[in-house]
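Visitor: Listed in order, the protein sequences are those of chains A and B.
When you line the first sequence up against the numbering used here, it's residues 1 to 158, in that order.
When you line the second sequence up against the numbering used here, it's residues 1001 to 1158, in that order.
Source of the hints: derived by calculation from the structure; they are not laboratory data.
Please note: incorrect hints may appear among the correct ones.
Calculated cross-link-like contacts (lysine-lysine; reagent style DSSO-like; alpha-carbon spacing at most 27 Å) [what the hints assert, rightly or not]:
| no. | chain 1 | residue 1 | chain 2 | residue 2 |
| --- | --- | --- | --- | --- |
| 1 | A | LYS21 | B | LYS1157 |
| 2 | B | LYS1099 | B | LYS1157 |
| 3 | B | LYS1157 | A | LYS157 |
| 4 | A | LYS152 | B | LYS1021 |
| 5 | B | LYS1034 | B | LYS1099 |
Bear in mind that the values here come from a model prediction, so they are computed numbers and not experimental data.
There are 2 protein chains.
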Amino acid sequence: MTSAEMQFMQEAIQLSIENLKGNRGGPFGAIIVKDGIIVGRGYNQVTSTNDPTAHAEIVAIRDACQNLNSFQLDGCVLYTSCEPCPMCLGAIYWARPSKIYYACTRHDAAAINFDDAFIYNELITPISERKIPTEQMMREEAILAFRLWQDKLDKVKY
Amino acid sequence: MTSAEMQFMQEAIQLSIENLKGNRGGPFGAIIVKDGIIVGRGYNQVTSTNDPTAHAEIVAIRDACQNLNSFQLDGCVLYTSCEPCPMCLGAIYWARPSKIYYACTRHDAAAINFDDAFIYNELITPISERKIPTEQMMREEAILAFRLWQDKLDKVKY
Chain A
1 MTSAEMQFMQ EAIQLSIENL KGNRGGPFGA IIVKDGIIVG RGYNQVTSTN DPTAHAEIVA
61 IRDACQNLNS FQLDGCVLYT SCEPCPMCLG AIYWARPSKI YYACTRHDAA AINFDDAFIY
121 NELITPISER KIPTEQMMRE EAILAFRLWQ DKLDKVKY
Chain B
1001 MTSAEMQFMQ EAIQLSIENL KGNRGGPFGA IIVKDGIIVG RGYNQVTSTN DPTAHAEIVA
1061 IRDACQNLNS FQLDGCVLYT SCEPCPMCLG AIYWARPSKI YYACTRHDAA AINFDDAFIY
1121 NELITPISER KIPTEQMMRE EAILAFRLWQ DKLDKVKY
């Protein structure tokens, strides 16, 4: 752990503390660093903005992508004050930073009633047995869009 | 499958087709319905808005939550033209709609190079073995925010 890395994590932790003091959402903060410079910041804003997706990591990823003018975070490092939930981990894998540092664990989060375990379990449960009833319908109609995508010559892949 | 359900799914499919024709992103659309009324719409905007989190379901959830002025989707039904990826499934579980209908499967998506399987696998891989290197640091410093949260009297739980 270098002192620069510790300073960046301290910044993420500071966001988590300011956030709960400012009543903007849960006690979580994250920053994204590229070439030693902070390019994105995020804190949990679920309850203050009525956005269940506004976790610290998602907000930081969106902020960094806007600042970098890119939908990929190549060469970026994410510092988050807590191990990402499945939603955020999914977002991280789509954004593809090079490295993740986290501080508290999912078990620490569960101890203050932010319990990701339920979601981790649902993700690996067969669709027919999930707690939110989930049914397939109209695949034949929907797959037309996929065929059009396949044949499209000017698509932006990712 | 009622005719109303089929009409709603057709609307989600229509968004997926318009989206790829309009070059806004991948061929995915989603809508959210409450009490028979569409309260949120989304289509994939990853490449056109430089936002890797802008999948159809996430956009629809954010839209519905803004329209309903709530960070929860109680009593809502999500119609999505494709089985949600892990990020979107995580977002769905945080937003807690009552039901999910999907059309294409994750395998259909993989066949046009939107491969969620890698992310599903990473989510259940031990942290030390993941493809994006992930390390813990400074838990003792970060857990202070969790203790402050626990002691906070005016917090908005969710």
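Visitor: All hints are to be evaluated individually against the structure, with a verdict given for each.
Guide: We went through each hint and held it up to the structure:
With a C-alpha separation of about 14 Å, the suggested pair LYS21 of chain A and LYS1157 of chain B falls inside the 27 Å cut-off, and the hint holds. Taken as a hint, the LYS1099 of chain B and LYS1157 of chain B pair is honoured in the structure, with Cα atoms around 23 Å apart against an allowance of 27 Å. Distance hint between LYS1157 of chain B and LYS157 of chain A is unfulfilled; the C-alpha atoms sit about 39 Å from each other, more than 27 Å. Distance check on the hinted pair: LYS152 of chain A and LYS1021 of chain B sit about 9 Å apart at the alpha-carbon level, within 27 Å; holds.
Of the pairs offered as hints, the one joining LYS1034 of chain B and LYS1099 of chain B holds, with about 11 Å between alpha carbons and a cut-off of 27 Å not exceeded.
Of the hints listed earlier, the one the structure fails to meet is number 3.
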